[in-house]
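Based on the hints, put chains B, C, D, E and F in the right spot on chain A.
Quick mapping for you: the protein sequence lines, in order, are chains A, B, C, D, E and F.
Numbers in my numbering are just positions in the first sequence, counted from 1, shifted up by 1.
Numbers in my numbering are just positions in the second sequence, counted from 1, shifted up by 1.
Numbers in my numbering are just positions in the third sequence, counted from 1, shifted up by 1.
Numbers in my numbering are just positions in the fourth sequence, counted from 1, shifted up by 1.
Numbers in my numbering are just positions in the fifth sequence, counted from 1, shifted up by 1.
Numbers in my numbering are just positions in the sixth sequence, counted from 1, shifted up by 1.
Derived by calculation from the structure, the hints in this document are not laboratory data.
Among the hints, erroneous ones may be present.
The list cannot tell twin chains apart, which means a pair is met if one copy fits it or any two copies do.
Under the rule of at most 30 Å between Cα atoms (straight-line distance), these lysine-lysine pairs were calculated in the DSS-like manner [to be verified]:
#1 K176 to K163
#2 K237 to K191
#3 K5 to K84
#4 K119 to K163
#5 K147 to K291
6 protein chains.
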Amino acid sequence: MRLKRIELPFQSCVSDYKESDVVIFSCPMDTTTSFRPGTRFAGNAIRIDSFGIEWYSPYRDMSLKDYKTCDLGDLDLPIGDVKKALKVIEKTTDQIIKDNKKVMMIGGEHLVSYPVIKSFAKKYDDLHVIHLDAHTDLRDEFFGMKFSHATVIRRIFDVLGKDRIYQFGIRSGDKHEFVWASEGNTHLRKFDLEGLDLIVEKLKDKPVYITIDLDVLDPSVFPGTGTPEAGGITYKELLWAIEQFEKLNNIVGADIVELAPQLDVSGTSNAVAGKTLRELILLLHSKVIK
Amino acid sequence: MRLKRIELPFQSCVSDYKESDVVIFSCPMDTTTSFRPGTRFAGNAIRIDSFGIEWYSPYRDMSLKDYKTCDLGDLDLPIGDVKKALKVIEKTTDQIIKDNKKVMMIGGEHLVSYPVIKSFAKKYDDLHVIHLDAHTDLRDEFFGMKFSHATVIRRIFDVLGKDRIYQFGIRSGDKHEFVWASEGNTHLRKFDLEGLDLIVEKLKDKPVYITIDLDVLDPSVFPGTGTPEAGGITYKELLWAIEQFEKLNNIVGADIVELAPQLDVSGTSNAVAGKTLRELILLLHSKVIK
Amino acid sequence: MRLKRIELPFQSCVSDYKESDVVIFSCPMDTTTSFRPGTRFAGNAIRIDSFGIEWYSPYRDMSLKDYKTCDLGDLDLPIGDVKKALKVIEKTTDQIIKDNKKVMMIGGEHLVSYPVIKSFAKKYDDLHVIHLDAHTDLRDEFFGMKFSHATVIRRIFDVLGKDRIYQFGIRSGDKHEFVWASEGNTHLRKFDLEGLDLIVEKLKDKPVYITIDLDVLDPSVFPGTGTPEAGGITYKELLWAIEQFEKLNNIVGADIVELAPQLDVSGTSNAVAGKTLRELILLLHSKVIK
Amino acid sequence: MRLKRIELPFQSCVSDYKESDVVIFSCPMDTTTSFRPGTRFAGNAIRIDSFGIEWYSPYRDMSLKDYKTCDLGDLDLPIGDVKKALKVIEKTTDQIIKDNKKVMMIGGEHLVSYPVIKSFAKKYDDLHVIHLDAHTDLRDEFFGMKFSHATVIRRIFDVLGKDRIYQFGIRSGDKHEFVWASEGNTHLRKFDLEGLDLIVEKLKDKPVYITIDLDVLDPSVFPGTGTPEAGGITYKELLWAIEQFEKLNNIVGADIVELAPQLDVSGTSNAVAGKTLRELILLLHSKVIK
Amino acid sequence: MRLKRIELPFQSCVSDYKESDVVIFSCPMDTTTSFRPGTRFAGNAIRIDSFGIEWYSPYRDMSLKDYKTCDLGDLDLPIGDVKKALKVIEKTTDQIIKDNKKVMMIGGEHLVSYPVIKSFAKKYDDLHVIHLDAHTDLRDEFFGMKFSHATVIRRIFDVLGKDRIYQFGIRSGDKHEFVWASEGNTHLRKFDLEGLDLIVEKLKDKPVYITIDLDVLDPSVFPGTGTPEAGGITYKELLWAIEQFEKLNNIVGADIVELAPQLDVSGTSNAVAGKTLRELILLLHSKVIK
Amino acid sequence: MRLKRIELPFQSCVSDYKESDVVIFSCPMDTTTSFRPGTRFAGNAIRIDSFGIEWYSPYRDMSLKDYKTCDLGDLDLPIGDVKKALKVIEKTTDQIIKDNKKVMMIGGEHLVSYPVIKSFAKKYDDLHVIHLDAHTDLRDEFFGMKFSHATVIRRIFDVLGKDRIYQFGIRSGDKHEFVWASEGNTHLRKFDLEGLDLIVEKLKDKPVYITIDLDVLDPSVFPGTGTPEAGGITYKELLWAIEQFEKLNNIVGADIVELAPQLDVSGTSNAVAGKTLRELILLLHSKVIK
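Same shape as in the complex, but just chain A (with noise of 0.2 Å):
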């Protein structure tokens, strides 16, 4: 008879802390959220309908009950400060990267990969992050503020430099954000995945972060999120991507973020999100070297 106190961790991930090889921690954020918000009760929502998930992938033929994942659940963000809320993301981060393990990261808005970002920055000189998202993100400022949802790319641009963020998918932005790219800023490829197996090819000995708007796909497949834009990729084509990243030999981190799953009551969205999940923290683990 279990007599203990509860846990809801995603799927089978209910492994401690120190033996784990990947931390997955949600972010319950959505302050700059510009239209529908709700992006901060995506974790759990995730975590419940995961009953609903094999454990087992055909895509990878690995299995989460066969490697040690600690699910750290929502970190305690304060509502409605966007500094200090990002400066816990980062400390959280700065010591798991700090107790040498891969971060699983669930949003939140995309706001919340920027801190993620920056933390595995400093470790990384050589940094690069693969960008799947619908929207350019390349704002420099919006609604007069600097750190947003509409210019986290922005953001993780000016900790990068250049010739290190490529974005795909991309199908919805002001002009002067495709200009800017256009000017050697970012990589960006418009409407869909055309080019990420080269770009993967290039990358394979760098560090490389990936971050992944789950607006990318068309809202056919994820119409619970805020910004539904349609013209997306299918789920199949993400999948491929996901198979391209096997080749990377040095993934230190992802993100998923934007799921907002009171917009979707089908619960579909959250399935979609659960099993992008489990895929990616098998990838992650496939990449650990002990």
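Quick look at chains B, C, D, E and F alone, frame taken from chain A:
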């Protein structure tokens, strides 16, 4: 920095089992539900949404954070196997009773109250049950089954015998159920709570278990249930009932059953169940004798 | 083994037309609905969800299964053609009246009550109507149309004349409608049911038709309707009204209208309508003279 | 033929700013919302659904179309920047007060009431506030923030001082909030509106601002809000309160806050808010002195 | 400070009628809808949710803010009176054509395309129509009505004659409709868009009106419609079609019809319609000759 | 005038049992569903929404109204008693087979396919099964149960033996299931339908039963199912599969299972299931030998 495995208990109920006076568990079972299923998801829905509830009750002038409560989460029930599931619930309750703690159970369908009450009946010869519900639940058999949400109070009668069960708020059932009750088998009050204060007075020194089928509430108050039955009580009337329960000196346990969270996408029913749960936990703590 | 074509009547209302004392039909029309349409789907929504309703009423101490009721289902109404549709409803009612059966009609928008009442008025010189509603429905014209959900009681007045219509629960309308009513045209009780018991006393030997726009209920009780109007009656007040109706010795027919099932995904409004329907069918049967 | 740019005001509130006695504006802000956000969308949701509301009130015997009301729509608030947003609201209110018009504000989260009341306090030394709410909103700080939906009445207290704030319907908060209120800081009536009629009598010649957190209503009546709290008032009780307000000779402004329209897909909560808005606009007009 | 009456146009389409080259209006009519109504609400749903859409199109490399577009909002259509409503639409279109502007219409059910095209046919002898749809819409009569969403293309044929209508994506209809089309009456391409590029080439110097029933999209992409029909085109295929339309030198107007916003609570269908609208407005502007 | 008891069959399937070549029935059972239940409601949801579907198929160039099909509706299954329920299904199928008619079954959870196939296996020694699904369903036991939605194909294997089951589209399961299949037990094609055309060729003269778990479709196409699994087939791919089935000369029956209608409030999944049902009924009729 918190680098521990995730827990998602009800509100601030984070105490260890050993040190706790009240123990919460939930029963994810809706196998015999004849109309719209889904009560299996109630426990975690209440937990997740308990973020929106204060730990202080202005009704009891007590606060959850001042008391030791352990939340065990969902029991591991074999899906689709009613007998085994009831056995697991009974054994868990046996142990909690043995450890001299009070039980706060969350359904699931109403049948899950049976093994809990049966377990208490083993300890208390003169156990009495107060039952709030829209439905009689007094059939002897339903769709050929002896154990069903529609027979649960009849089965409890089999255990406790006459003059032990007090039913309130009842407004739905087959004619023969009302007739059977009126033959001196249970005390059945139709439509409202009239007389509850007198019953409580009468039972004040008896061991009493309280089972609340939340559909006793009018569906306007609690739409998130499988068989909503118009003409129920208001939430203020339920609060009045709980206030009456304070006069009972020996409440051994309580339950709330029949929340089907997916039926009320507004989340209101989760909030109603969560508030009721808080009030009942505090009620139980107020009856702990040290 | 049952190898017959499917039937999906309301609850246990499976009798043949010939042998039945009460005949149910539904009118899938919402053509003149000015705000949110969808009442065309009410009939079958109530039927499907009647699986969750008992056939026994503890209010009337009567059971549907002890009476002969035929459910004709949705009438075949030409979509978008108001005049033809009203004609079909009137003819159907004519025949049922001719066959000496009582009519239980399910809307549809409120305009469908017009042809039913018109049909009864042909038989009964002194027909009276009791009308429960949130809205006056007394406009002489609406968006240029004489026949509309907003003019239906005015059109019925054209048929019946003064001192024949008793309105209760009314809390919405244009000023001129309230003024017109108060000029001795209809008996209009604002906001609640006060006086209904006296009216029933007065009409006890008259032929009476009861038309219940379910939005007379507070939207908390009945959110599934196109123009919810706060400040309505509780379900217990509606039950009280039906209890009063028992004193009427000559109820010729009744209807419930304006359920728009898709607006209440919890299914509660279907259940409320279904329970009301059961009570009214039983009420009609209790008035059958053999 | 109308060949003009689209307008979508509340009901028939189409007057120009200059000629209007009452000015409506909405504050699309929910930045500090700690649980379920979405109140930013309330203003336009009420406007769109006001098509289903009559302009005549049978409660006040007044009609919106007989009065000059200007609807400014949503203010342009910088998303995610609380201080700047509050400044914009305050300046807008300053101007409307200067132009000698009454203010009818629509939230947003409750914090948006602060700048409006602060603006009125600059003009009226003896401003009083009547506050209907489920929640105390009296914390001095919440998640480290001074300005929050959970601190708003405390911040208003900082501006107005003792004996100026009358709270009704309160049924949720931390213990220290209730204690603080009871120390002579605010007049706090728990659970219901008892005594409101006496307070209104007392304040009848004072400048009074009315702030209505719509979650004072029972969630059955108003499920479309982020933190529903069972045990609230009925809509008829709210109507009674508004009737009492008629005795106040100097109502300077009013607001309704905390509608989160996406949480109630039935549209009922929009309709409830819209009807309340109509009643309050008419109330304000009845207090205009020319 | 903005102290002006509210406007809620589509995205940044805030120009005055006189100065605009493209004029948007919406037709809130769904009277003849035979299954699930609600398209009457499409126009304002698209407008409200256009806040989540960029004004720049990376597909056309054009931005809404660089062009003059007037949004007239919903036309005032008499509810339930098909003939009068069609007359209002036709007259409005007549005037816009007379003023030498391009028309961008938003339905409403598909029947509203009829008066717009009829109006254009008065000016252009050789008007051609490109029609994207899941349904044939070629019945000569439906439920006894000549003017219906199911007969609209047949009625347009009555105006234009043979060899003028090109249908694509068609996958639902009665057999006789497919047969009639194949008898040289319309060019009907079943299931997909194959051949659209060739047709566009052929019509490049003709006056062309484009009518897009959004249910041509697969229901996965566009669930918010009354009669979803599986097996439709992807959004990328629709984008390809719009790209082909660039070769047409004389597009006189366009419409999108059959969005029923309440059927897709995720808001995705609104976003899909809004993006399509932006692309079509920009397409129309690219064809303005000054 | 129609004065008959209501029937609500699928589309135009109104023939009597005796005269029909194809017999539809539905199995309202979801007892062993381990995650989100609700498939018990599928049959009537498809029937009600079949009003929105044409009887003519442009894919098969056949029309439902030209063939005799009897719809028996939901079988009367004892709720919560798996064994008895399977027995009822098997006996019903036995009789239909004996009467030399083809079976078109609607689930319910996938376990309901077992008794149907078992019944056919009694008649046909060399019965083959084509199985489209997202999930392997090959566990030997699930939660301690032999008969479960997760073991159904394994149980069917127990009846049919090796080389009889062809699985397509499979993308979820435990590792041991994939391994077991690959040991020559079933023919399992992962992820897509590749090779289906060859299998059909091979089986063209064999008796074949087709079981389609609709979750083989991508959840974008079919969100209304309990365990959505991203990465599935498109609807056009399913249509292609049905086209291949035309080459099978001896299709004895077919089923569609796992629609949980309440999970997709847009109604799209009902429409997808209904269209698939129409195509399969027509396919069965095309294989009737007279």
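Each hint tested on the structure:
For the identical chains of this complex, K176 and K163 are intra-copy neighbours only, at 20 Å inside a copy versus 43 Å across copies, given an alpha-carbon limit of 30 Å. Proximity of K237 and K191 under a CA criterion of 30 Å is satisfied in both settings, with 18 Å inside one chain copy and 13 Å between copies. Taking the shortest alpha-carbon separations for K5 and K84, only the inter-copy value of 24 Å comes in at or below 30 Å, while the best intra-copy value is 36 Å. Taking the shortest alpha-carbon separations for K119 and K163, only the intra-copy value of 15 Å comes in at or below 30 Å, while the best inter-copy value is 48 Å.
Within a single copy, K147 and K291 get their C-alpha atoms no closer than 40 Å, and across copies no closer than 41 Å, so neither meets the 30 Å cut-off.
This entry does not satisfy hint 5, going by the numbered hints stated previously; all others are met.
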